[in-house]
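Novice: Each chain is listed here by its residues.
Protein chains: 2
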Amino acid sequence: MWKNNLSLLTDLYEFTMAACYYRHKMFAPATFSLFIREYPPNRGYFVSAGLADVLDFLETFHFKQGDLDYLAQTGLFSDDFLHYLGKLRFTGDVFAIPEGRLFFKDEPILEITAPIIEAQLVETFVMNAINLQVMIATKAARCVHAAGGRAVVDFSLRRTQGIDAGLKVARASYIAGFIGTSNVLAGKHYGIPVFGTMAHSFVTSFKREIDAFRAFAEMFPENTVLLIDTYDTVIGAHKAAIVGKEMIEKGKRLKGVRIDSGNMAELSQEVKAVLEEAGLNDVMIFASGGLDEYKIERLLKEGAEIDAFGVGTKMGVSADAPYTDIAYKLVKYNGRPVLKLSTGKRTLVDEKQVFRIIENGKLKKDIIALRSEQLSGDPLLRPVMKGGKRIINDDLKDIRARFQEEFGNLAERYRRLNAPDTYPVEISSGLENLQNQVVFKVKEKELGES
Amino acid sequence: MWKNNLSLLTDLYEFTMAACYYRHKMFAPATFSLFIREYPPNRGYFVSAGLADVLDFLETFHFKQGDLDYLAQTGLFSDDFLHYLGKLRFTGDVFAIPEGRLFFKDEPILEITAPIIEAQLVETFVMNAINLQVMIATKAARCVHAAGGRAVVDFSLRRTQGIDAGLKVARASYIAGFIGTSNVLAGKHYGIPVFGTMAHSFVTSFKREIDAFRAFAEMFPENTVLLIDTYDTVIGAHKAAIVGKEMIEKGKRLKGVRIDSGNMAELSQEVKAVLEEAGLNDVMIFASGGLDEYKIERLLKEGAEIDAFGVGTKMGVSADAPYTDIAYKLVKYNGRPVLKLSTGKRTLVDEKQVFRIIENGKLKKDIIALRSEQLSGDPLLRPVMKGGKRIINDDLKDIRARFQEEFGNLAERYRRLNAPDTYPVEISSGLENLQNQVVFKVKEKELGES
Chain A
15 MWKNNLSLLT
25 DLYEFTMAAC
35 YYRHKMFAPA
45 TFSLFIREYP
55 PNRGYFVSAG
65 LADVLDFLET
75 FHFKQGDLDY
85 LAQTGLFSDD
95 FLHYLGKLRF
105 TGDVFAIPEG
115 RLFFKDEPIL
125 EITAPIIEAQ
135 LVETFVMNAI
145 NLQVMIATKA
155 ARCVHAAGGR
165 AVVDFSLRRT
175 QGIDAGLKVA
185 RASYIAGFIG
195 TSNVLAGKHY
205 GIPVFGTMAH
215 SFVTSFKREI
225 DAFRAFAEMF
235 PENTVLLIDT
245 YDTVIGAHKA
255 AIVGKEMIEK
265 GKRLKGVRID
275 SGNMAELSQE
285 VKAVLEEAGL
295 NDVMIFASGG
305 LDEYKIERLL
315 KEGAEIDAFG
325 VGTKMGVSAD
335 APYTDIAYKL
345 VKYNGRPVLK
355 LSTGKRTLVD
365 EKQVFRIIEN
375 GKLKKDIIAL
385 RSEQLSGDPL
395 LRPVMKGGKR
405 IINDDLKDIR
415 ARFQEEFGNL
425 AERYRRLNAP
435 DTYPVEISSG
445 LENLQNQVVF
455 KVKEKELGES
Chain B
15 MWKNNLSLLT
25 DLYEFTMAAC
35 YYRHKMFAPA
45 TFSLFIREYP
55 PNRGYFVSAG
65 LADVLDFLET
75 FHFKQGDLDY
85 LAQTGLFSDD
95 FLHYLGKLRF
105 TGDVFAIPEG
115 RLFFKDEPIL
125 EITAPIIEAQ
135 LVETFVMNAI
145 NLQVMIATKA
155 ARCVHAAGGR
165 AVVDFSLRRT
175 QGIDAGLKVA
185 RASYIAGFIG
195 TSNVLAGKHY
205 GIPVFGTMAH
215 SFVTSFKREI
225 DAFRAFAEMF
235 PENTVLLIDT
245 YDTVIGAHKA
255 AIVGKEMIEK
265 GKRLKGVRID
275 SGNMAELSQE
285 VKAVLEEAGL
295 NDVMIFASGG
305 LDEYKIERLL
315 KEGAEIDAFG
325 VGTKMGVSAD
335 APYTDIAYKL
345 VKYNGRPVLK
355 LSTGKRTLVD
365 EKQVFRIIEN
375 GKLKKDIIAL
385 RSEQLSGDPL
395 LRPVMKGGKR
405 IINDDLKDIR
415 ARFQEEFGNL
425 AERYRRLNAP
435 DTYPVEISSG
445 LENLQNQVVF
455 KVKEKELGES
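Chains as they are written, first to last, in our numbering: chain A, 15 to 464; chain B, 15 to 464.
Just so you know, the hints here were simulated from the structure itself, not pulled from any lab data. These numbers were taken from a predicted model, which means no experiment stands behind them. Be a bit skeptical, because a hint or two may be false.
To be verified - Distance condition first, Cα-Cα at most 20 Å in a straight line; then the derived DMTMM-like pairs of lysine to aspartate or glutamate:
{"no.": "1", "chain 1": "A", "residue 1": "Lys309", "chain 2": "A", "residue 2": "Glu280"}
{"no.": "2", "chain 1": "A", "residue 1": "Lys411", "chain 2": "A", "residue 2": "Asp70"}
{"no.": "3", "chain 1": "B", "residue 1": "Lys359", "chain 2": "A", "residue 2": "Glu280"}
{"no.": "4", "chain 1": "B", "residue 1": "Lys378", "chain 2": "B", "residue 2": "Asp392"}
{"no.": "5", "chain 1": "A", "residue 1": "Lys119", "chain 2": "A", "residue 2": "Glu316"}
{"no.": "6", "chain 1": "A", "residue 1": "Lys309", "chain 2": "B", "residue 2": "Asp339"}
{"no.": "7", "chain 1": "B", "residue 1": "Lys455", "chain 2": "A", "residue 2": "Asp412"}
{"no.": "8", "chain 1": "A", "residue 1": "Lys359", "chain 2": "B", "residue 2": "Glu419"}
{"no.": "9", "chain 1": "A", "residue 1": "Lys455", "chain 2": "B", "residue 2": "Glu280"}
As the list claims (entries may be wrong) - Just a few of them, taken from the derived set where beta-carbon distance is under 8 Å, the chain A residues facing chain B:
{"no.": "10", "residue": "Leu20"}
{"no.": "11", "residue": "Tyr27"}
{"no.": "12", "residue": "Ile177"}
{"no.": "13", "residue": "Phe209"}
{"no.": "14", "residue": "Ile262"}
{"no.": "15", "residue": "Asn450"}
{"no.": "16", "residue": "Gln451"}
{"no.": "17", "residue": "Val452"}
{"no.": "18", "residue": "Phe454"}
{"no.": "19", "residue": "Glu458"}
For each residue, glycine too, the CB sits at the ideal point set by N, CA and C.
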């Protein structure tokens, strides 16, 4: 039911505000800016993701009769306003940082300019889509970075926060360098490679562990990864070695074994020894179970003999930072730059651009400027929608490549997992001056200061 | 696209395992048990939620041609297996703890008995649905408890982890005693009351704050809650008082003011004084912004003059515990009780029941038993689906009332927000004996011990 109906997936106050704007004939263009105010713990960068869903949503935004009927029965809205809503489409312009690029706190990820009712009503969905995917792509980038070139696969679906998250996590983690996902629907929908072999239930459903191993190897001789920790990991490794040797006799090859519990640094070394003793040197050791970037880093420091990681829950919910301090703020209305002064919540006024300065191929600093300013550097915000029609449609593989390239150009001190340095983000003098003027005017007008 | 297609929302290994079961003609009944292994930090109980979605999913489980085509092109599956999948429906039985009831760690929330392929393929969705809603209902219950009778409203949609979570959070928090949500689609879909008035953008879009207040009061005279912290909370309160008095002159009443930033204990007291000075004693003070159960408790201890709370992100993602250690484990196959021995991951074998012992109207302890045992006490697991057909269809308001009643009967030492006592959960002697026998046999068989 949702997909047909997402325009109603918003907060009630968007409609009460819209009704007031309508009554007061406030149809002038408004610009809203989407940005993240603070880094979550241990974060020093963000990965742009989620824009494709935003553009899909904006392009198809409309209310159906059932939506209007529901709004009518709240008793809050006039018939003529509801009639107006029935004809409403999103007609605005959008500038955004393309998916896969890095960005930093305070930088606008996306700016929407549209008649205020349109720009206001889409707030909730836009925030929701970008918040989730940026958060996950950033978490996933950290996992890939920790794995130091070893493969990482998304195993999170069973504990993502809902099924929409399950799909978007598969996509966002793929952008950040995961090689694929266990999520079959995500594989189908996004064209992401899918991975998976067996669970403990498979092993326990057979009378003996080795029967389960043999049944699987017979069925999927090209793709056998045996889960060896159901009863005892090292004993399981010996049984896997038996099956591995049987496969060789049949001209096949055991692809790998998986460890899902216990002290994985020690166990992986013991398992490696068992496999090598059996002459199975090319059998991959796959680890899963409670992994995240911190645990991957620790395992590798401890000398774990692990070739690939299945990363689930802690990535899929971004467990150490399960939300970002994302905000969608009105920065201009009818040509007038605006802001709020609420404690601890700064908003940068007006339409903006972010210029990225590159030195020797490395990211040096960013400058947040007015969009009307022409600074040197790479302008991050690109026009992505014009008059309600999308003007980009990036391929997922291109987005993934874009991330990989730019991440490679970010110095390690900004990328490290714990307490990274703060990447320098400056405010242009043009923006600074306008900001100060607007703050002064607002204080004068609203607080009686001068 | 999802709603038509959720049967594919699963992990690839469910299909590879199913293909092996199919090849080996393993169609015997299997029982899987869903339970949570550990309490997240500061949790001493869980609230059952999510069952309705599980039953909807099971009742409509089937693969469409497009799903089968996708599976075919992975190259992993035989035509006859795919043909079999095309005809597959869920035909099993389900026992579950009804939504709204309390349960504790290790207790089975739900047990599915079905031919092993069916019970295996539905694993991922079942875990995902129950994990999210239990986690959120539990978090929300803590917020309601902290608020001590004051109203609490769900404001989380903009930062829930995706849109499915946005809907399920509204539902789960309503079960746990929230009075409603800002989420309009959830309001429509579940029949939950919706709330909301204005954002900062509304205030800044007008030339002066008081113009915004007057416009809103004129438009919604029965439902005016003014957001007063856009520029300065106390000055905003004075403006709200002016508008409140203007409303009285027109025979109307200012319903409330909202504070969304700053030191809310102090500010709420100052705002209360401003309102009382203006004779507006019945104007409600509404707080929002970064709230959770810990902050609500602290605010009230500090003497905050707050009548209602809008709780958003931290509840909507269960920020201090964004996942549970939920597991879906095979406990019986073809009449044989089974388990795994993996380090630190105990599974209780066989089909089970949980008996709740009540003393003087209060929850005293629970006993996990074999389902075949007849103990005194209230059996928590009820038959909810028989042969693939649901046999319950609880009304959301009844679920909400069920929670409220049982939560009232749980002693405060298990409910407190920090380091609650551990509610006593025993294992029946029948279950203990069978468990020990199975562990002994499995060790003998798989580890060569005796």
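Novice: Compare the structure with each hint and give your call.
Specialist: Tested hints:
1. Lys309/A / Glu280/A: holds, 14 Å
2. Lys411/A / Asp70/A: holds, 18 Å
3. Lys359/B / Glu280/A: Roughly 18 Å separates the two Cα atoms, so the pair holds.
4. Lys378/B / Asp392/B: Holds, at about 12 Å.
5. Lys119/A / Glu316/A: violated, 34 Å
6. Lys309/A / Asp339/B: Holds: Lys309/A and Asp339/B sit about 17 Å apart, inside 20 Å.
7. Lys455/B / Asp412/A: violated, 54 Å
8. Lys359/A / Glu419/B: Distance ~41 Å between Lys359/A and Glu419/B Cα, so the pair is violated.
9. Lys455/A / Glu280/B: Distance ~27 Å between Lys455/A and Glu280/B Cα, so the pair is violated.
10. Leu20: Given a least distance of 7 Å, the restraint on Leu20/A holds.
11. Tyr27: Since chain B brings a Cβ to about 3 Å from Tyr27/A, closer than 8 Å, the hint holds.
12. Ile177: holds, 5 Å
13. Phe209: holds, 6 Å
14. Ile262: With a minimum Cβ separation of about 21 Å from chain B (threshold 8 Å), the hint on Ile262/A is violated.
15. Asn450: violated, 16 Å
16. Gln451: violated, 15 Å
17. Val452: violated, 10 Å
18. Phe454: violated, 13 Å
19. Glu458: violated, 11 Å
This entry does not satisfy hints 5, 7, 8, 9, 14, 15, 16, 17, 18, 19, going by the numbered hints stated previously.
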